[in-house]
Structure formats: structure tokens, C-alpha cells
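Chemist: Sequence:
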Amino acid sequence: MNEFEWRRQLRDLRQPVLPQHDLWPSIDAALDQPAAAAEATTKAPPRRPRQRLALAGLAASALLVAGIGWQLWPMRHAPDVVRTDVAAPVWKPSDPRLTGAAVELAAARMELRQALQQAPDSPALRRLLERTRLQQAQWQGRMRDAG
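For the sequence shown, the working numbering gives the first residue as -13, with consecutive numbering after it.
Just so you know, not all the hints are guaranteed correct.
Stated by the list, open to error - Pairwise CB distance ranges (calculated): (1) A40 to P20: 44 to 52 Å; (2) L41 to P106: 44 to 52 Å; (3) S47 to R117: 41 to 49 Å; (4) P20 to R(-6): 45 to 53 Å; (5) Q124 to S47: 42 to 50 Å; (6) R0 to Q37: 39 to 47 Å; (7) Q100 to Q121: 12 to 20 Å; (8) A15 to L50: 47 to 55 Å.
Please keep in mind that the hints were generated in silico from the structure rather than gathered at the bench.
Heads up, the beta-carbon is just placed ideally off N, CA and C, and yes, glycines get one too.
Put together the whole structure using the sequences plus the hints.
Modeler: Listed below in C-alpha cells is the structure:
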């Protein structure tokens, strides 16, 4: 059997079908019943599912509030302290070709220290200061290797 035969059979099912017994007597009897009997037969849904749904909603709300509070809670450990008041050793290369690099690195470190005084908790500035220190150490190593 393929799809076309299934569709043809479904189209054939689209015919009016008469009920097996007459429905009007049961409908008429239901309409003639007194209102109290009708209410007794149609009970209100039990409150258990509603209460469970309300409790589940409250639990989800509490969990959401706890999660947000946990994310916004300040860090419990002290942030890493970068000492900016410590004077860096002045690098004065003997090679005149490295003098320009020494001046640029010293200026960069000075600017980064000033920026860290304005924003002491900035991890990006700390990384830049560390990277500048590493670059200066690399240049000093190159000077030692060359000389």
C-alpha cells in the first residue's frame, strides 16, 4: 500500500455517519434534570493539581532568585593585588638601537600604572602590565645574548 492509496481511503472515509442509537433522549433527559443533580454530576476538578502547580511555581521562583543572588554575590576571596607603587628597575640599554624600545616600554608601563590607579580592579589592565613587563624582560634577555 502506498501513499496514494492511503489518501484515497481517507477521502472515502469523509462520508456522513449516522450514530448507532438516537442521541436526543439522553440529551433531553440531561436538560430536564434539576440544577442540583447537574452540579453533583459535574464536580469541580480537585484542588490537588492546582496546589501542586502553585508549589512548583513557588519553588521555581525561589530557585531563580537564589541563582541570581548567587551570581551577583561579590567574590569571597580578595582580588589579586597589583602593586603599582613599586618602582620598576630602570632599563638603560647600552645599545643605541634598543634605547627606543626602552623608552616605549617605560612610557607604556607608566601609562598602565596610571590607568590601574583609576581602575584598580581591571583584569585587562593587569594583563597588559604583565605583558609589558614580559616584553621588557625579553628585550633585556636579547641584549644580554647579543652583548
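Chemist: Each hint should be assessed against the structure and marked as holding or not.
Modeler: How the hints compare with the structure:
no. : hint                     : verdict
1   : A40 to P20: 44 to 52 Å   : violated, 35 Å
2   : L41 to P106: 44 to 52 Å  : holds, 47 Å
3   : S47 to R117: 41 to 49 Å  : holds, 45 Å
4   : P20 to R(-6): 45 to 53 Å : holds, 51 Å
5   : Q124 to S47: 42 to 50 Å  : violated, 55 Å
6   : R0 to Q37: 39 to 47 Å    : holds, 45 Å
7   : Q100 to Q121: 12 to 20 Å : holds, 18 Å
8   : A15 to L50: 47 to 55 Å   : holds, 52 Å
In summary, the numbered hints that this structure violates are 1 and 5.
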